[in-house]
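Enquirer: Going line by line, the protein sequences match chains A and B.
The opening position of the first sequence corresponds to residue 1 in our numbering, with each subsequent residue numbered one higher.
The opening position of the second sequence corresponds to residue 1001 in our numbering, with each subsequent residue numbered one higher.
Don't read these hints as lab results, they were simulated from the structure.
On a predicted model such as this, the values are computed, not experimentally measured, just so you know.
Glycine included, C-beta positions come from ideal geometry on N, C-alpha and C.
Do not take every clue at face value.
[Unchecked claim] Stretches of chain B that chain A covers, calculated by requiring three or more beta carbons in the stretch to come under 8 Å of a beta carbon on chain A: (1) 1016-1030; (2) 1039-1050; (3) 1120-1128.
[To be verified] Here are the computed lysine to any residue pairs in the SDA-like style, where the Cα-Cα straight-line distance is at most 20 Å: (4) Lys1043(B) / Phe1024(B); (5) Lys238(A) / Leu225(A); (6) Lys238(A) / Trp1050(B); (7) Lys238(A) / Ala1092(B); (8) Lys1043(B) / Gly416(A); (9) Lys238(A) / Gln1055(B); (10) Lys238(A) / Gly1054(B); (11) Lys280(A) / Pro545(A); (12) Lys1163(B) / Ala1092(B); (13) Lys285(A) / Ala339(A); (14) Lys509(A) / Gly416(A); (15) Lys1043(B) / Lys280(A); (16) Lys238(A) / Lys1163(B); (17) Lys509(A) / Pro554(A); (18) Lys425(A) / Ala339(A); (19) Lys238(A) / Ala1044(B); (20) Lys1043(B) / Ile325(A); (21) Lys238(A) / Thr1106(B); (22) Lys238(A) / Ile1047(B); (23) Lys285(A) / Pro193(A).
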Amino acid sequence: MAHAQQQSFWSRYVFSTDHKIIGLQYLFTGMFMGLVGSFLAYVFRMQLAFPGEPVPLFGVVTPLHYNALVTNHGAIMIFWVAMPILIAGLGNYLIPLMIGCDDMVFPRLNRLSYQIFFLSTVVILVSLFVPGGGFGGAWTAYPPLSASAQYNHTPWGAPLWLIAVALEFVAFLLGGINFVTTVMNARAPGMGPMQIPIFVWMVVIASIVFMASVGPLVAGAIMLLFDQLLGTHFYDPKAGGDPILWQHLFWFFGHPEVYVVLLPALGIVAEVITVFSRKKLFAYKTILYTAFATGIISFFVWAHHQFVAGIDPRMAHLFTITTLIISVPIAEMTFAFIATLYGGSIELRTPMLWALAFIAEFLVGGVTGIFLGANATDIYLHDSYFVVAHFHYTFFPIAIIAGFAALTYWFPKMFGRHMNETLGKIHFWGTIIPFNFIFLPLFVLGAAGEHRRIYSYEHFSQLFTPGLQNLRVLATVALVVMLLFQFVFLYNFIRSLFAGEKAEENPWKANTLEWLAPSPPPHGNFAEMPTVYRGPYEYSVPGRPLDYWPQHLPN
Amino acid sequence: MVASTDRQRGSLGIPSAVLGMVLFLATEVMFFAGLVSAFLVVKARWIGAWPPPGQPRLPVEVTAVNTVVLLASGVILWLAAHDRAGQQTLAAVRRRSLIAALLGATFVTVQGFEWTRLLAYGLTMRSGPYGSFFYLIVGTHAAHAVAAVVALLWAVARLGSQKISADGFRAVRLFWYFVVGVWPILYVLVYLM
Ligand code: HEM
Ligand SMILES: [Cu+2]
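Use the sequences and the hints to build the structure in full.
Expert: Structure follows, in C-alpha cells:
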C-alpha cells in the first residue's frame, strides 16, 4: 500500500493499468453517457407529446434536431452505455477478482482500450455540436441517406459519428482479447471450466461473439466513410453500388450485438439470484451450453430486420425459422432462473429486486420478438412503435435494470460501503413503474400503425387522434417521472461513496472469490492468492452449519 | 503480463501473447471476409461484363511475381524460427527475419508503384465499383503489410537486446503469416476472377 500512496493522482487514477481503476473509468464514463442519452430522449419525447412547443432546457426542436436526437440517443445507449457498463466496466472490474488473479493478462492493452474508448466518447459528443449538427440517419445508418451529405444535411456529423463508432469498436476489441485470454490463462489454481462463475463465462462468450461479428461491420463502416468523404459509390445504386449490402453487414453485427449485451446481463442476474435465494444455480451446465448455442445461432438470424427490404421471400422464411429457434435457448435460460428461485429463501434486497424485475420485464421483450420474427406479422409491424417497444423491453432490462442490479450488488465491494436500502427501494419502484408506463403505450401505438421515424404526428390526421395523442403524452410524462427518480439514485450513490455504512469483505455471504478480497480491493487484489475447491453456487448445502460455502475454503 | 507467469494457474496451454494474437487474427479474418463478401455481392449483381469495359487492365503478371516475393518472405521467416539442426544463433534468426521484412517492404513498394500507374491510366476509387473495390481490398491488405513490416522490424530490434519474449516474437510472426496467407486469396479474387 505504501507504494501505491506514493504514486501521483495521475498515475493512480488516470493512467493506471490496474483493472479495477480501468473498470471504474469505464463504469463512470458509461454512467455519464447514460445521463446524456437520457437527456436526448427527454427532448424528443417532449416534442412528440407537445409538438412544436419549446422544450424546457432545450428550446424548439427542428426536424433536423429531432433526427439527430433519436439517432444519437440510440447509438449512445447501446455503444456508450450498455457496452461500457456491462462488458468493459463490470468485466474489467470483476473478472480478475472472480477468477482469483491480480490483474488482466495484458494490462497496458487494457489501458489503451480505455483511452481509445475515451477518445470515441469525445468524438461522439463533439459531433453533436459541429456545423450542420449531429448525424440524423438513425443508429442503423442506412445508406443512401447516411452516405451523402446531400441527403442527410450533416457533412460533419455523419463522418464523425461513424469514426466515433469505429473507435469504440477498436476499444472493445482490445478489451475482448484481454477478457478471453485472461479467463483462459490466469484462473486461480483449482478453478476448472465448470467452477467459473456464470457472469465471467457470459462476458467471455459475449466477447467472442462481438469479435466474430464486428469485422464485417468495420469493413462496411470503412466503405460508408469512403462514400461520405471520398465520393466512392459502394452503396450508391445509381453507380452500381448496393444499399442493401450495408443492411446485411450492419445486421450481421447488429443482431449478435443484442446477445453481446444480453449475456452479461443474464450473468449478473445469475449471480444475484443465487445469493439472495440461497440456492444453487439450477442447471449450471445447461445454462453455459445454452449460452454458447445462443451465441452461435445469433449469427443466423440477422435478415429478420430486412423482411420489408426486398429480400427474397424464401430467404425471409428461412430467417423466420432461425429467429423462432433462437427464442428457445433464451426461454430455457429464463426457466433455469425461475427454477433457481423456486423454493429458495428469497430475501428482497435492492439488487434482488432488480434481478427479479429483469426476468419479468425481459420476458415481455422476448415474447414480442417472436411476433416480429415471423415475417408475416413483421410486414405490418416493421418500423412501427411496436418494434421500439419490443427492443426497449429487451434493452432497458439489459442495460438499465441489470446495470442497477450489478451496481447495487457490487457497490460494497467496489467502494467498501453500503448503499442505503430505503432509497434503493424508492429508486427501484420509481424506475420500474414508470418504465412500463412509457413502453406499454408504445405497443398500442405501434399496433395502431404509428410509424417510428416521424417528427410530428400533426401532419398525419389518422394518427393525430386524441386517443393516440393521449398515449403519447402518457409515455412522455412517465419518462419525465422516471428520469426524476434517477436523482434519488445519484444522491444515494454519491452520498454512500463517502458516508455509507462501512461494508466488510463479504456482506452478502456469497461464494465467489471477489468477496474474499478486502472491500475495496487493494492493488494486487488478494492478500494471499486464493485456491479454488468447488463451484461458485454451493448454497444451502445439507449437513453444513452455514448456508454458503465459499469457493476458496478447503474441504 | 502479470498473471500468466504463475505456472499453477488454470490455463489452456497456449501462451497468452499467442492466444491474444490468434483472437485478433480471428477478427481480422472476419473483417476481410466482410470486404470480400461485399465485393462478391456487388460483382454478382453487376449487369454486363466484369471487369467493366473501358477500365484499365490490372497488372496481373507483375503482381504474380510480387505474390511470390511475399510468399518467400513467409517461408524465410518460418525458417528463421524453425531450425531443424538446432544450431541457429540469435544473429542468424535476426538476419533471416530482416530478410523477410525486406521482402515484405519490396512487396509493398512494388504495389505502390503499380498503383501510381493505374491511377495515371484512370482507375480511381471514384471511377466505379471496380476501382473502388480494387483500392479498398488491395489497399487494406497493403496497410496490413506495412504494419507487419513495422512490427517485424520492431521485433528484430528487440531480439537484439533480448527485450521481447519468445511468445511475443511468435505473436509477431503469426501476424506476418496472416498477411502472407490472406494475399493469394485476394489476388485470385480481385486480379483473376
Ligand atoms: C436479446 C434481447 C433482444 C434485444 C436487445 C433486441 C433488440 C432489438 C432491437 C434494437 C431491434 C430494433 C432494431 C431497429 O432499430 O430497427 C429489434 C428488432 C427486432 N427484434 Fe429484437 N431484441 C432482442 C430479442 C429478440 C428476440 C428474442 C427476438 C425473436 C425471437 C427478436 C426479434 C426481433 C425482430 C424480428 C426485430 C425486427 C423488427 C422490425 O424491425 O421489423 N428480438 N430487436
Ligand atoms: Cu435481430
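Enquirer: Next, verify each hint and record whether it holds.
Expert: Each hint tested on the structure:
no., hint, result
1, 1016-1030, "holds (count 10)"
2, 1039-1050, "holds (count 4)"
3, 1120-1128, "holds (count 3)"
4, Lys1043(B) / Phe1024(B), "violated (29 Å)"
5, Lys238(A) / Leu225(A), "holds (18 Å)"
6, Lys238(A) / Trp1050(B), "holds (17 Å)"
7, Lys238(A) / Ala1092(B), "violated (57 Å)"
8, Lys1043(B) / Gly416(A), "violated (60 Å)"
9, Lys238(A) / Gln1055(B), "holds (18 Å)"
10, Lys238(A) / Gly1054(B), "holds (18 Å)"
11, Lys280(A) / Pro545(A), "holds (16 Å)"
12, Lys1163(B) / Ala1092(B), "holds (17 Å)"
13, Lys285(A) / Ala339(A), "holds (14 Å)"
14, Lys509(A) / Gly416(A), "holds (15 Å)"
15, Lys1043(B) / Lys280(A), "violated (55 Å)"
16, Lys238(A) / Lys1163(B), "violated (55 Å)"
17, Lys509(A) / Pro554(A), "holds (17 Å)"
18, Lys425(A) / Ala339(A), "violated (25 Å)"
19, Lys238(A) / Ala1044(B), "holds (16 Å)"
20, Lys1043(B) / Ile325(A), "violated (33 Å)"
21, Lys238(A) / Thr1106(B), "violated (39 Å)"
22, Lys238(A) / Ile1047(B), "holds (13 Å)"
23, Lys285(A) / Pro193(A), "holds (10 Å)"
Violated hints, listed in ascending order, are 4, 7, 8, 15, 16, 18, 20, 21; each of the other numbered hints is respected by the structure.
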